[in-house]
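Please build the complex by placing chain R on the supplied structure of chain A, with the hints as guidance.
Each chain, letter by letter, is given below.
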Amino acid sequence: MSSLVTGCTGYPRYLNFPFDGGGRGLNSRASDLEPQVTSTYIVFISDRNGSQDVYLFDAQQRQLISLPGLNALDEIASHPSISEDGRYVVFGGSRQGKSNIYVYDRQTEQKRNLTADLQAEVRNPIINADGTQIAFEIAQDGQWDIMIYDLSGNPLKLQ
Amino acid sequence: MGLISLLGSCNVFNRPEPSATLNSRYNDQQPALSGDGRWLALVSNRNNSNEILLYDLRRETFIDLPGLNQSNVILESPSLSRTGRYLVYISSVQGRPDVALYDRATRRAELLTQGYRNWVRNPQISADGRYIVFETARRGQWDIEVLDRGPLIELDIPDGTPVETP
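Those protein sequences? They're chains A and R, same order as listed.
Each residue of the first sequence is one higher than the last, beginning at 87 in this note's numbering.
Each residue of the second sequence is one higher than the last, beginning at 757 in this note's numbering.
One chain only, chain A, in its complex shape (with noise of 0.2 Å):
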């Protein structure tokens, strides 16, 4: 992204990404929520086609990447995370009052529901920029509580 600052002021500096009525941009007419940033990629949620979905962006390229067979029409999908290299990107999806996990893998372009076997709702998912862990919020016992899984979706023992 370094390569895209021009201009002689200082940093920290807000980067602009102009904002396009299209809906091609980062930002859009409609709102664009919940952000997650590595050097290349931002990861965000946009109702700018009429449905909340998960968009990536390019920052360097400065376009939107398509993510086949991600967003679904009767999903509201909420909390995207990214892996650093791109390749894995969680979220949360709720369907039919159910909530649950997905992790989209680009290079295969399936996803997979994690949390297919928790009878509990949970939300606000993350992957570690390494690929290998994600952490998100389970309602448990009336009150919030946090789990990990591995990519396989086996959880982390936590003491």
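What the hints contain is simulated information worked out from the structure, not anything from laboratory work.
Small disclaimer: the values here were computed from a predicted structure and weren't measured.
Glycine included, C-beta positions come from ideal geometry on N, C-alpha and C.
Be aware that a few hints might be false.
Residues on chain A that point at chain R, a partial pick, calculated with CB under 8 Å [stated by the list, open to error]:
hint, residue
1, L101
2, D118
3, V123
4, N210
5, L244
Coordinates of chain R only, in the frame set by chain A:
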């Protein structure tokens, strides 16, 4: 701890020891993993106020964050860099939210959006610590703002990784 010992002291009320486990009987929310997966930041109200806690998943213990949590400030939405050196979060004083950065190396916190004039929320820092994104209400709706801390900061990179000279 026995009741007797509490009654025995006449003017000092110690707060109960915080639960030493990652999850407590209270709300433990907003998990943030460091890039290397070792550190987990979270927001917990186990000590009767909203606090950001940092848990070392390798040693299974909480780590002190000196100078971070203060009594008149609400902290929320933590995010961690690769080795957990940089912690970015929302700091609200008297109801006004700012994006803040805590450096565990210097143990200093600074507000990044002082003078920004617009409502902000949900900040996230890149693993190397250079870029920070957050939501801004600048245009009267939620948009994404990208802050570049610049090429001269100390990047959060794994030990032994050579530093590229620009």
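Hint check results:
Hint status for L101 (chain A): holds, given a least beta-carbon distance of 4 Å to chain R, under 8 Å. Taking 8 Å as the C-beta cut-off, the interface hint given for D118 (chain A) holds, the closest approach to chain R being about 5 Å. Taken as an interface hint, V123 (chain A) checks out: its beta carbon lies about 4 Å from the nearest beta carbon of chain R, inside 8 Å. Taken as an interface hint, N210 (chain A) checks out: its beta carbon lies about 6 Å from the nearest beta carbon of chain R, inside 8 Å.
The beta carbon of L244 (chain A) comes within 5 Å of a beta carbon in chain R, closer than 8 Å, and the hint placing it at the interface holds.
When each numbered hint is compared with the structure, no violation occurs for any of them.
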